[in-house]
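Asks: With the hints as your guide, set chain B onto chain A.
Protein chains: 2
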Amino acid sequence: MPKQVLEQLETPALILDEARMDRNIERMRSQMRRLGVSFRPHVKTNKCIDVARRLMETPEGPITVSTLLEAEYFAAHGVKDILYAVCIAPNKLDHVMAVQDKGVQLSLLLDSMETAGILAERAKAAQRHFDVLIEIDSDGHRSGVTPDAAELVEIGQFLEGTGISLKGVLTHAGSSYACRSVAAIRAMAEQERAAVVHAADRLRAAGMACPVVSMGSTPTALFAEHLEGVTEVRAGVFVFFDLVMAGINVCQVDDIALSVLATVIGHQREKGWTILDAGWMAMSRDRGTANQPVDQGYGVVCDLDGRPLDDFILVGANQEHGIMAHRSGKVDTARHLPVGTQVRILPNHACSTAAQYGHYNVLGPGHEITATWQRFSGW
Amino acid sequence: MPKQVLEQLETPALILDEARMDRNIERMRSQMRRLGVSFRPHVKTNKCIDVARRLMETPEGPITVSTLLEAEYFAAHGVKDILYAVCIAPNKLDHVMAVQDKGVQLSLLLDSMETAGILAERAKAAQRHFDVLIEIDSDGHRSGVTPDAAELVEIGQFLEGTGISLKGVLTHAGSSYACRSVAAIRAMAEQERAAVVHAADRLRAAGMACPVVSMGSTPTALFAEHLEGVTEVRAGVFVFFDLVMAGINVCQVDDIALSVLATVIGHQREKGWTILDAGWMAMSRDRGTANQPVDQGYGVVCDLDGRPLDDFILVGANQEHGIMAHRSGKVDTARHLPVGTQVRILPNHACSTAAQYGHYNVLGPGHEITATWQRFSGW
Chain A
1 MPKQVLEQLE TPALILDEAR MDRNIERMRS QMRRLGVSFR PHVKTNKCID
51 VARRLMETPE GPITVSTLLE AEYFAAHGVK DILYAVCIAP NKLDHVMAVQ
101 DKGVQLSLLL DSMETAGILA ERAKAAQRHF DVLIEIDSDG HRSGVTPDAA
151 ELVEIGQFLE GTGISLKGVL THAGSSYACR SVAAIRAMAE QERAAVVHAA
201 DRLRAAGMAC PVVSMGSTPT ALFAEHLEGV TEVRAGVFVF FDLVMAGINV
251 CQVDDIALSV LATVIGHQRE KGWTILDAGW MAMSRDRGTA NQPVDQGYGV
301 VCDLDGRPLD DFILVGANQE HGIMAHRSGK VDTARHLPVG TQVRILPNHA
351 CSTAAQYGHY NVLGPGHEIT ATWQRFSGW
Chain B
1 MPKQVLEQLE TPALILDEAR MDRNIERMRS QMRRLGVSFR PHVKTNKCID
51 VARRLMETPE GPITVSTLLE AEYFAAHGVK DILYAVCIAP NKLDHVMAVQ
101 DKGVQLSLLL DSMETAGILA ERAKAAQRHF DVLIEIDSDG HRSGVTPDAA
151 ELVEIGQFLE GTGISLKGVL THAGSSYACR SVAAIRAMAE QERAAVVHAA
201 DRLRAAGMAC PVVSMGSTPT ALFAEHLEGV TEVRAGVFVF FDLVMAGINV
251 CQVDDIALSV LATVIGHQRE KGWTILDAGW MAMSRDRGTA NQPVDQGYGV
301 VCDLDGRPLD DFILVGANQE HGIMAHRSGK VDTARHLPVG TQVRILPNHA
351 CSTAAQYGHY NVLGPGHEIT ATWQRFSGW
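Sequences listed follow chains A and B, in order.
Numbering (our numbering) for the first sequence: 1 to 379.
Numbering (our numbering) for the second sequence: 1 to 379.
Where hints are given, some of them may not hold.
Pairs involving identical chains hold if they fit within one copy or between any two copies, as the list cannot separate such chains.
List of simulated lysine to any residue pairs, SDA-like, C-alpha gap at most 20 Å [as the list claims (entries may be wrong)]:
| no. | residue 1 | residue 2 |
| --- | --- | --- |
| 1 | K271 | E151 |
| 2 | K80 | D94 |
| 3 | K271 | D148 |
| 4 | K271 | A150 |
| 5 | K271 | V331 |
| 6 | K271 | D137 |
| 7 | K271 | H326 |
| 8 | K271 | M113 |
| 9 | K271 | P147 |
| 10 | K330 | H141 |
| 11 | K124 | E160 |
| 12 | K3 | N91 |
| 13 | K271 | D139 |
| 14 | K124 | D94 |
| 15 | K271 | H141 |
| 16 | K271 | T146 |
| 17 | K80 | K167 |
| 18 | K271 | A149 |
| 19 | K124 | G340 |
| 20 | K3 | D94 |
In short, the hints are calculated from the structure, not lab data.
In isolation and in its complexed conformation, chain A is listed as follows:
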């Protein structure tokens, strides 16, 4: 394939800055080494084997997935140790068994006696072995049993009498995304750690081994001071970062490795609007910065080198139209970009923006596109 440069791409297009990505990965690796824990990267953000290979400790994993299609895809690319980190639904067990049949050690998650009962029944009927973690609720934001719940030990004891192996406990401090300072993230990391370690201790006190103690989110993984008692950490969005992460000081804006290449298609000069061909289909509908101190609209507009055009953001979006304007609403005519000018837009949320595309255009030095990496969607 002849080399392409940014200027030759049809827009909108998803751009992945390889050097920034590699720097972000090295930052996480270095933190994992410092903390002395193993790393089970979450691949839900990237959904791409080329990215995952740079994240994984070995070509066989381990990894964390959010869907069984991710499990199936990464299994087809040789990954053998996969944790499906969403509580299992009964209608997914056929799919689970199909993935197991590819030689994958696939761990499942549950947080109730109800699901444990269903799983035990299916294990018996299908003569199957399942590996299971119990989800712990460390911050009240989603699923999980609380670390002190009677049900935690009940589930463990119930599983002992079935063909199911209790591998351990898992938690995710999703609330860390709403922290307003690094000190708050540190405190959340300690809350997450203490909760999941306490849960493991209770299971062990009741006679269970509980070898795995898993926690993680990008903010808490990067800012935890120590992780005593934790055996593995999960995180995914750090590989690209995004404006939500920059908004809580987990990264700087110039660490963001993902952007959307767009083109100026018109103007409404009296309003100070520049119309781009990247709307919410190109950016996603994610407005994750709306409740942060600085609302970035649908994204921060940068030049082709990835440098922000100061205070110019997407203030609005239709399906295929983005409205670029000064964030203050003032009519700033100093920034006239002729029709055809290309810009790059940093996204609020890497997971949702990347999901709008079938591939990454990998950006190397200069404006060169060095590779095209496929990604997938769906369940």
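Replies: Leaving out everything else, chain B in the frame of chain A:
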């Protein structure tokens, strides 16, 4: 393929109620007949030939598209008359010519002398003929020249001296989505009609033919009282409808043909939460009802027959988790749904939710899935 029923689908899955869709299409057809205009359905909502075939007046179109990939896909399925209704960017002209080369009469849109100049240059250099419409701004929400702008006639006169045919004028009253009453939608339809007809009159007064006068949005198309001077109407979301449309009384909740099938995976009983396996990846991040009188969260939860569970909505969403609760926030324990229970969730916005899936599961009488229709994404 053996017949499947809803209960056998792995979740999340996109469900299309065929009877509701057909009823919605008939409603629009009947309105078009009453208004005496031709219909150029917008296929950006469905991106699926099986749906489009039911919308189109003939197998060859006409249709409206929002991306050149839509143009390319529908051209490959035999559609010959396509309007690309987003102002053209220079880097898309190679793609435009490739679509033209399939025997398609592809009309382009522009709203400035700047773009007209670029297009004329490319037409000359490539020895190509382009058909063009000028976008008219009828409500200040996006692109277009105002109907009274001097630039409108300048563009028309400029194009006359090039190889480009000025086919007419086009407007889209996107502001109709924010109307709060049927009376307001009627007034917006008249504003849209008057603006685009006035623009056509000005071009004709300056000696141009301007055969096409195109307007449309689902609300204004359905509630316009008359469309004198308009030659064609465009609309897309009506085929499925959604909660945003129901919220402005353009349809009833039980007209919504699209839903997401999801499964209960857990509970947080003290909070009154039921956790579903449909998060924002399954619903999209669209929060289009957030500014309406009734905020529907990430969607209205229904039983398997599509009947709303009164006042139960998705109050929150993570990537693969939806949090179902009473809209008031009160802990309503009357509605306990065991793990494994399936529900159907009505979306805020059909265009964005459908975009998260690779196919529609077509729902016939009872709970039977009568077909699987592929759809596509990207540019």
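Asks: Since the copies are identical, ignore which copy is meant and state whether K3 and D94 lie within 20 Å (CA to CA) inside a copy, between copies, both or neither.
Replies: between (44 Å within a copy, 18 Å between copies)
Asks: When no copy is named, should K271 and M113 be tagged within, between, both, or neither for a Cα gap of at most 20 Å?
Replies: between (59 Å within a copy, 18 Å between copies)
Asks: Checking an output row: K271 and P147, CA cutoff 20 Å. Within, between, both or neither?
Replies: Only across copies: K271 and P147 sit 17 Å apart there, 54 Å inside one copy, limit 20 Å.
Asks: First find the shortest C-alpha distance between K271 and E151 inside one copy, then the shortest across copies, and answer within, between, both or neither for a cut-off of 20 Å.
Replies: So K271 and E151 pass the 20 Å test across copies only (17 Å; inside, 59 Å).
Asks: At most 20 Å between C-alpha atoms: does K330 with H141 qualify within a copy, between copies, both, or neither?
Replies: between (38 Å within a copy, 17 Å between copies)
Asks: Using 20 Å as the alpha-carbon threshold, which applies to K80 and D94: within, between, both, or neither?
Replies: Within. Shortest intra-copy distance 18 Å satisfies the 20 Å Cα cut-off; inter-copy 44 Å does not.
Asks: When no copy is named, should K124 and G340 be tagged within, between, both, or neither for a Cα gap of at most 20 Å?
Replies: Result: close only across copies, 18 Å inter versus 63 Å intra.
Asks: If the cutoff is 20 Å on CA atoms, where do K271 and A150 land: within, between, both or neither? Let me know, please.
Replies: The answer is between: 18 Å across copies meets 20 Å, while 60 Å in one copy does not.
Asks: Can you tell me if K124 and D94 fall within 20 Å by alpha carbon in one copy, between copies, both or neither?
Replies: within (14 Å within a copy, 60 Å between copies)
Asks: If the cutoff is 20 Å on CA atoms, where do K80 and K167 land: within, between, both or neither? Let me know, please.
Replies: Close inside one copy (16 Å), not across copies (59 Å); limit 20 Å.
Asks: At most 20 Å between alpha carbons: which applies to K271 and A149, within, between, both or neither?
Replies: between (57 Å within a copy, 15 Å between copies)
Asks: One pair to classify: K271 and H326, alpha carbons no more than 20 Å apart. Within, between, both, or neither?
Replies: Classified as within; 10 Å inside a copy, 41 Å across copies.
Checked against the numbered hints above, the structure violates none of them.
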